[in-house]
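Residue numbers (the numbering used here), protein chains in the order written: chain C, 1 to 518; chain F, 519 to 818.
Where hints are given, some of them may not hold.
Claimed, not checked - Result set (BS3-like, lysine-lysine): computed pairs, CA atoms no more than 25 angstroms apart in a straight line:
| hint | chain 1 | residue 1 | chain 2 | residue 2 |
| --- | --- | --- | --- | --- |
| 1 | C | Lys451 | C | Lys432 |
| 2 | C | Lys151 | F | Lys643 |
| 3 | C | Lys178 | F | Lys806 |
| 4 | C | Lys203 | F | Lys777 |
| 5 | F | Lys595 | C | Lys451 |
| 6 | F | Lys733 | C | Lys432 |
| 7 | C | Lys89 | C | Lys203 |
| 8 | C | Lys238 | C | Lys74 |
| 9 | C | Lys203 | F | Lys810 |
| 10 | C | Lys107 | C | Lys125 |
| 11 | C | Lys6 | C | Lys512 |
| 12 | F | Lys595 | C | Lys144 |
| 13 | F | Lys643 | C | Lys479 |
| 14 | C | Lys125 | C | Lys80 |
| 15 | C | Lys224 | C | Lys203 |
| 16 | F | Lys733 | C | Lys355 |
| 17 | C | Lys451 | F | Lys643 |
| 18 | C | Lys377 | C | Lys355 |
| 19 | C | Lys451 | F | Lys581 |
| 20 | F | Lys777 | F | Lys605 |
| 21 | C | Lys439 | C | Lys355 |
| 22 | C | Lys355 | F | Lys608 |
Hints were generated in silico from the structure; no laboratory data involved.
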Amino acid sequence: MLYFSKIKILIISIFTLVLVYFTSSNFFKADDNFFDKNINLGLDLQGGSYLLLEIDNRPVVTQKLQNTVSILRKYFKDKKIKYKDLILKNDNSIEFLINENQLDFVKDKFEDKDSEINPYYSNYKSHEFNLETFNNLFVLKLSKYGLIEIKNSSLDQALEIVRRRIDEVGTNEPNILKRGNDRILVELPGLDDPMRVKNLLGKTANLTFRFITQNTEETFGTEKLFFEDNSEEAIVSKRIILSGDNILDAKPRMDNQNNETVVSFTLDRVGSKRFAKATTSGIGKRLAIILDGKIVSAPVIRSAIVGGSGQISGNFTFQSATDLALLLRSGALPAPLNIIEERTVGPDLGQDSIKAGVIALIIGFLLVILFMFVKYKIFGFIANITLLINLFLLVGILTLFEATLTLPGIAGIILTVGMAVDANVLIFERIKEESVSEKNKIIAFDSGYIKSRTAILDANITTLIAAVILFLMGSGPIKGFSLTLGVGIFTTLFSVYFLARLLTSLYVAKNKDKENLI
Amino acid sequence: MTKTNISFNTFYKSFNIFSLILIIISLFLLFFKGLNYGVDFKGGTLIELRASDAQITISNLRKSLLNMNLGDVSVKKFGNENDFLIKFEKKSEIKNDFIGEIKNDLIKSIGNGFNFRRVENVGPKVSSELLRSGIIAIALSLTAMLLYIWIRFEWQFSLGALLALFHDIIITLGVFSLFNLEINLSIVAAVLTIVGYSMNDTVVIFDRVRENLMKFSDIKIFELTNISINETLSRTIITSITTLLALLSIYFFGGEILKGFSLAMILGVVFGTYSSIYIANPILVYLKVSQKTILKESKN
């Protein structure tokens, strides 16, 4: 029926007005939080950087296995278990031999659900390590879930560190999210040059203080390391005096004595004690400051440092000293991060895209309404009013949910303009057909609406299916396209079945005696 | 009102042969020439550079970039006179700040009269994931359409619509291969939208075919499809026109980034409209759809 009750008209009008209001709220500021909503602009429109980081977990896994080897040694000793040849093999398994008479006893220690050395995850129904035995040879490998646990915990740590570093740089409203179990997505809106952030994220910032030694036979072992500028190398003890974990605070500072930029740091209580002890006993020795496997500098200790603070020198510019201080404050990453995807858009390109998108929208809209008016005259006019309101509804809904608008999203809006008239066209064409056999205009209009309904629904559902799949599978800008396309279908159906129909019914009721109404 | 009555059905065979030839050519192109994948799917780096210094040209950009050992470098104009698009696939291990190094190297060789407006850098792992998820998305949407039409109509209709979709996608990709146009993420979005649009068009005609099948038990499907196409023809044309108007304005005014996307859609709309008439309907004829096909459904 073409008849609309008063209450229905009221509801339709209120709904429409609310959304039209939200569309316009993009253009002014309201005091109230609820009423001041804005569409978020995607990175491609406001400019900014999208970075996808992947953790290289190999060092974490190796570290875990190395720790497990030392834990096992201690455990076997405590439990008086006789073992032989406990080794870490190929960086992925731990092997050892057990005395024949203790086989079952030891096996039970690893496979018991309350095992102290091989934790059982009841949520995964799996131990941390899988145990395989060949006679008296025991082989331990990380289970699938053990590996996932490690990855998850290193991802959590890395996420925290990444967040701290980016916060320290002070970009506005960064978006930092986990992706899977070894990736972190970072969105930095409005950042023109992501180089500094990329540099900061690219460093593990693993800091250690270790003595330089000539004696290669030291108990802790030694290794050869290069200085940062690759100029020389030195033999460094593996014994760690201090690590970055002991640093409470770090700041760049100008050293007035020799006029160079240094990084000054303060240590926690444990760190201060160890630092004091080492510098007291090590006067005359060189203490190497090592960052990510490279020696930053290796000053000679002239006097004991007991105050719990010190400074690092090393040919810093003010910028590099600031960055090092920032890295030391925010802590070390559990493992290196690699940037596996980057998309950066400059703000001027974003502005250009918005401009181009809006111009295309206006021109597309004008062309479509002109065509509809020429083709359908008064009904074209009705369809055009509906289309305009449809546009407001679409933008209004996107605003209400503070959705993200991207350049392809704008394209989706323009496409919606082109396709939205389809429903009205289907109805009008059907009405024309019905009018041939049915002289009563109101009945002809009514059956036009009814008979075109299945075609309209089917046609829109197919587009909706495509949009939903795109939304689920797509990323970033493309998601924005599917969003506007999908929401556009609902606003189109609403505007056609309520608004256009209401306007049509009012017009037809007044002019039902006219010939060739449509 | 004059009723259109064009004998579309007399051309079913000839246009099917025509489509078949187009599809064979397209497949031939896709297999032997292949598609020009952008960085999204091939991995590598894309830099959009705007020069403020008139001295910067394609040739001196290329020369400076070639000195940096970036592998195959392509430099071309991008819309505007002083906008350039640089693409390369760096094979060696990528350092996190290599874009910055490139910028510094460029400043050394051609001065600082430029800025990077856009940088896209996609690692090999991500690009293969993107390609895979793109293919999955298209396959998924085709399956969803197949099922939807199956549920709403009958399998014969479903098959007809699906073949029409394949036709549109293959030929659109064929055109992209022929003209060496770039395939990136937005093209996948365009293809999916084409799937939606072409389906939309087909469904409207099918809906009418079904209605007419119920109405006339004595008209053969060959004639019936023709009646249905004619009855819905003005809608088919009007909707194609309004959609094309919208797409053309994106193509001409929406900026360089949306060019490929809107072109794919324009092709898709043209082929989609054509295939709804000349692929989807003849299939119904070949599969000998009759009133019984529909009635069987309602009995179940």
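Q.
Need the list of violated hint numbers for this structure, in ascending order.
A. 3, 4, 5, 7, 9, 12, 14, 16, 17, 18, 19, 21 and 22
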